[in-house]
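Mind docking chain B on chain A? Use the hints.
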Amino acid sequence: MAFFFQNLVNALQWGSFYALIALGYSMVYGVLMLFNFAHGDIFMVGAYIGFGVASGLVALTSTGAVALPNWSILMLTIIVSMFLTAFVGMIVERIGYRPLRDAPRASAAITGLMIGIILETGNLALLGARRVRFPSLIESTTYNIGGVFVTNKKIMIVVVSLLLMFALNQFVRRTKWGMAMRAMAFDYVVVPLMGVSTNTIAALTFALGSALAAAAGILFGLAYPVLDPYMGIVFGWKAFVAAILGGRGSILGATLAGFLLGFIEIFVAMIFPSTLRDLIAYSIILLILTFKPHGFFGEPYSARLRL
Amino acid sequence: MKKQFAAFLLAILFALIFAPHAWCGKNTIKIGINAPITGDIPKVGEGTKFTARMWLADIKAAGGLKVGGKTYQVELVIEDNESRAESAVKVNTKMITEDEVLVIVGPQASKQAVPAGEVANNYKTPLISPWSTNPDTTKDRPYVFRGCFLDPFQGPVLANFITKEFGLKKAAVLYDVASDYPKGLAEFIKKAWEELHGSGSVVAFESFTTKDADFSSQLTKIIRSGAEVIFTPQYYNEVALIVQQAHELGWNKPIVGSDSWGSAETVELCGKDCYGLFFSTHYAAAGATGATKVFIDRYKKQYGYVPDDAAALTWDSLLIVQEAICACGKITGNMEKDRKCVRDAMARIKEFDGITGKMTFTEDGDPIKCAVIVRISDKGEFEFYKSVCP
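Chains as they are written, first to last, in the working numbering: chain A, 1 to 307; chain B, 308 to 697.
Bear in mind the hints are in silico, worked out from the structure with no lab data behind them. Model, not experiment: these values are computed from the prediction. Just so you know, even glycine gets a beta-carbon here, dropped at the ideal spot from N, CA and C. Zero decoy hints are in this set.
Per label pair, the in silico range of CB-to-CB distance:
id, chain 1, residue 1, chain 2, residue 2, range
1, B, S532, A, T142, 17 to 23 Å
2, B, E472, A, I110, 53 to 59 Å
3, A, F3, B, E502, 26 to 32 Å
4, A, S283, B, A598, 51 to 57 Å
5, B, T400, A, I288, 43 to 49 Å
6, A, I110, B, T400, 28 to 34 Å
7, A, L276, B, V601, 49 to 55 Å
8, B, T400, A, S62, 47 to 53 Å
9, B, R360, A, S62, 30 to 36 Å
10, B, K518, A, D187, 39 to 45 Å
11, B, A593, A, A65, 35 to 41 Å
12, A, P104, B, K686, 57 to 63 Å
Dumping the calculated DSSO-like pairs for lysine-lysine here, alpha-carbon to alpha-carbon at most 27 Å:
id, chain 1, residue 1, chain 2, residue 2
13, A, K153, B, K579
14, B, K518, A, K153
15, B, K560, A, K153
16, B, K607, B, K356
Chain A on its own, in the form it takes in the complex (with noise of 0.2 Å):
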């Protein structure tokens, strides 16, 4: 029964991160039809933000500039990262988006692949190849409940991502914002005679769902803290994967179907040789999708938007 406990703690970790960028993939859709393809990479830039505002904070804290306890240089982290990810998200956005808005759907998901790899080998180019390790902001408790080992990372995790999701929500659902995305998802031609600037929105758009890639990026490099410039890109695939499964556009969809993965996917090599996983697991998803082709929240002839 611990081995099942255990295993359920590892595939909530886990699932967070899908769900956290699913997240990102899903709202785009909703809003703007189309696919972020860089988003994958989005989450890696996140990261790298994350390691290097952390960087300078704990090298400021040690020079005694500033006293700041850990954890709250972790908080800040998290924030400051969101903030200027979510700008590169709106960088994104601007330059590679924008001017293809009215451009055939094939070449915006171009796009995406391309600044995906701008992204990637940017990174390269700043930082070299050498693989970075992120700094160990919060010390690693072990507590063992009953033959289950968790740690204090392990819960952090999972509930920031549960907070930023329900913080997504109510913005999308509370807001005039959140009114204006959702009124766009609607309709994109309609809306902008009512005042509603399309390009605001996308811009709104892009930048939440880089937040929430930012805060994965970080939360990852708490729990894997080594660092790649090529961490997002499978990253990207399988959160995309979440994303159609989940429905797209939809924000409660993709969030369950981020947990459902990571869920699936610790699952199968608890039960089957290892070697097998994303081979069983990928084959789940495929067959759940012959039978539910739009995702669990999904529907037939619209994308849109919804919570």
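Frame of chain A, contents of chain B only:
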């Protein structure tokens, strides 16, 4: 007419640019370096590059390489294989056909060395891989050599060491199924362990694929299997993640690694989690003497850190190449002939006293040499623990 003439000039210009041998004469010997400068193991690539430059500086200081009474200048062609098999093949083909190198040193990791070795052998160009321990690299390839021991030797070394040192009976193996080196070595460790303790003594044989970051399900399975030791023949970036996650899941028994751990970056990425762990490798920097110490000190002075095993093996491989070229006795300028001559001379070397120990060569071009067991000290240094000879 004018246009045709311009085109003609342009053609000649291009020919001159892309056929360097047309204007630099035949007095240079080109040596190709196929190194992973970017990609998964950039630190290894950096060490390779630095070592090669140090060697070139020595040759330059001596005025060139003397072959059969004539002095030749040496030129290095350093290419990046991005730590990918396809790129290693591409780079090798380019160096052989376009740059016309005489000998190739590298690639380092078996993942690249196995396919790149085939290219070199097909083009009849001698290649020596300093660090590749997979048997397939040199097997049935007369033109391919190596500077290190093989995985079938490293497997029993590790199994014997753990059995004697800790008296453990049940082992687990965690490896990357998509990479030649860890996969090959994992199987050799399993075989060696089962020969010692009977079949079924490897209680968990778990794998993942390159770029995976989460090993929690595999490690949870390993912990449940009742294993007493984990072998993980992985590269340093994965080592850091595996060791940390194992500890977070409550594992406090030994984790043992292989020569791929021996990079200068292992401890940097892994931190305190790796202190006190053991791995087998080619040489230990701490406590070195003689020529080995001279090399280490020089490298450290020039580049600011202690060279890893791949760098030391690259140094030995370059000296073997140098000896082979000198022993060949004559450079004719005919690439095919010269390459064969160097290959034959290399195959004739029976004994070589390098900085990674004395080695004797077998018919396949594989050296027989001792392995070293290293302990990562509580200061994060690689400490010599024991020497294991065949």
